[in-house]
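Following the hints, complete the assembly by docking chain V onto the known chain C.
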Amino acid sequence: MIAIIDYGMGNLRSVLNAFRSIGEAAVLAPTPDVLARADGIVLPGVGAFPEAMVRLRDGGFVDALEQEVRRDGKPFLGLCLGMQLMATESLEHGRHAGLGWIEGTVVPMSTAGGVRVPHMGWNDLEVVRRDGILSGVSATPSFYFVHSFVYQPTNAAVVSGYATHGERFAAVIESGNLQGTQFHPEKSQRDGIALLRRYAERVHAAC
Amino acid sequence: MLKVRLIPVLLLMNGRLVRSAGFDTHQIIGDPLHEVKRFNEWNVDELIYIDISRDGGGFEGRPDHKVGGFADVLETLEAVSETCFMPLTWGGRIRSISDMRERFSRGADKITLNTAAVDDPALITEGARIFGSQAIVVSVDVKTVDGRDQVVTRNGTHATGLSPVEWARQAADRGAGELLLQRVERDGAARGYDLDLIHAISSTVSIPVIALSGVGRFEDYAKGVAAGASAVAAANIWHFKELADRQGKSALARAGVNVRL
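From first to last, the protein sequence lines stand for chains C and V. Quick note on numbering that gives the first Met the number 0: the first sequence kicks off at 0 and runs consecutively. Quick note on numbering that gives the first Met the number 0: the second sequence kicks off at 0 and runs consecutively.
Derived by calculation from the structure, the hints in this document are not laboratory data. Idealized CB from N, CA, C, for every residue including glycine. Warning: the hint list may mix true and false statements.
As the list claims (entries may be wrong) - Label pairs and their calculated CB-CB ranges: (1) 255(V) x 114(C): 14 to 24 angstroms; (2) 21(C) x 145(V): 51 to 61 angstroms; (3) 168(V) x 111(C): 16 to 26 angstroms; (4) 129(C) x 246(V): 26 to 36 angstroms; (5) 156(V) x 203(C): 51 to 61 angstroms; (6) 24(C) x 104(V): 13 to 23 angstroms; (7) 23(V) x 128(C): 51 to 61 angstroms; (8) 144(V) x 127(C): 49 to 59 angstroms.
Chain C on its own, in the form it takes in the complex (with noise of 0.2 angstroms):
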């Protein structure tokens, strides 16, 4: 079963829609309670970073993660903001600390050249490692956008896939059993639901 944190951050019931439409075990989490009984966790997440980690913390996830996430191992997928919130840090209105899983800066994205921000709409994905989520995707994937900040991890071995909007940034990020994407693939159609697809297969080969 994939739990999907419900942390009051986004529009959950399309992340939920898009995993029972393969046919996947979905639920929402409301309480961290859910994670210890779930074989994969996804973070979704559209807002601002501070106010996700307040929420997170206080509602009792931050040490239900590390206890299911880091210690036990399952497999995690955060989407867009929940991608972001695996960082050490953000700059997203001053300087917050973030899950720090995967070592890296959450910063603003440029708008230098005229670039209209919020980065909103399809853009192309440059995929730089196909072996793992991104091994369903098309050969020349577009995904849905909508952020305002990016995640720079230190480690450039991370990062699976690019975008570029002015500036070129990580588009998808996987380490170990963490996974994130800056898009949303639930509303990316069918490569999304590929990518969805090949997230939950992992989830089982785990479980």
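Showing chain V alone in chain C's frame:
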């Protein structure tokens, strides 16, 4: 590179899908879910769904009808979101933060405000603060009244006296993430977009402008893009022409516009 979005708009009126002309003539064209399934199979970029039901019009999507089968508009939204794996913007009769929250919890990714945004502009800011700017689309409806262009509300029936450019700037400053720009006289008229209006608004604000109203030929889309639109939308052409997504995308690509093919 970021692509120009091509967006179908569906209009729901008292439980049924309708086509519209001039914001005041409506013709029932079918089932609220059928088109969504078709668009999803076509792999379209995004969907805008607007409930233009009039107060007191009832809800006709009862199971004993051939169409619909939903008790109310929120049930329709829920069913739409279960079939739609693309960004979904929902509009119509949203008056408060709790109306917004209800729609997000039923599966909308963005909501669009028209009347409520003009009546209470603070609602834009409050919505953006709670749900993020990316989730708040302000629909700017423009009509010539008393010899000048004005922003209109209440399904195009109420002239506000606001200048479209001024209102667009204010909506963006207050936190709207996108503008959905409509020219009432061109609704259903198939004469092409109001390109001057698109240019005036998109050069005023830095947020994306979605052009709507007037598309009659697939070639009209690229003109809207050239005028400054970040996304091009239409309603009727999606119902009355074959392969509307493929053909629309091809016409855009032929004109040199970067689209998702």
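Hint check results:
{"no.": "1", "hint": "255(V) x 114(C): 14 to 24 angstroms", "result": "20 angstroms, holds"}
{"no.": "2", "hint": "21(C) x 145(V): 51 to 61 angstroms", "result": "55 angstroms, holds"}
{"no.": "3", "hint": "168(V) x 111(C): 16 to 26 angstroms", "result": "23 angstroms, holds"}
{"no.": "4", "hint": "129(C) x 246(V): 26 to 36 angstroms", "result": "32 angstroms, holds"}
{"no.": "5", "hint": "156(V) x 203(C): 51 to 61 angstroms", "result": "55 angstroms, holds"}
{"no.": "6", "hint": "24(C) x 104(V): 13 to 23 angstroms", "result": "21 angstroms, holds"}
{"no.": "7", "hint": "23(V) x 128(C): 51 to 61 angstroms", "result": "55 angstroms, holds"}
{"no.": "8", "hint": "144(V) x 127(C): 49 to 59 angstroms", "result": "55 angstroms, holds"}
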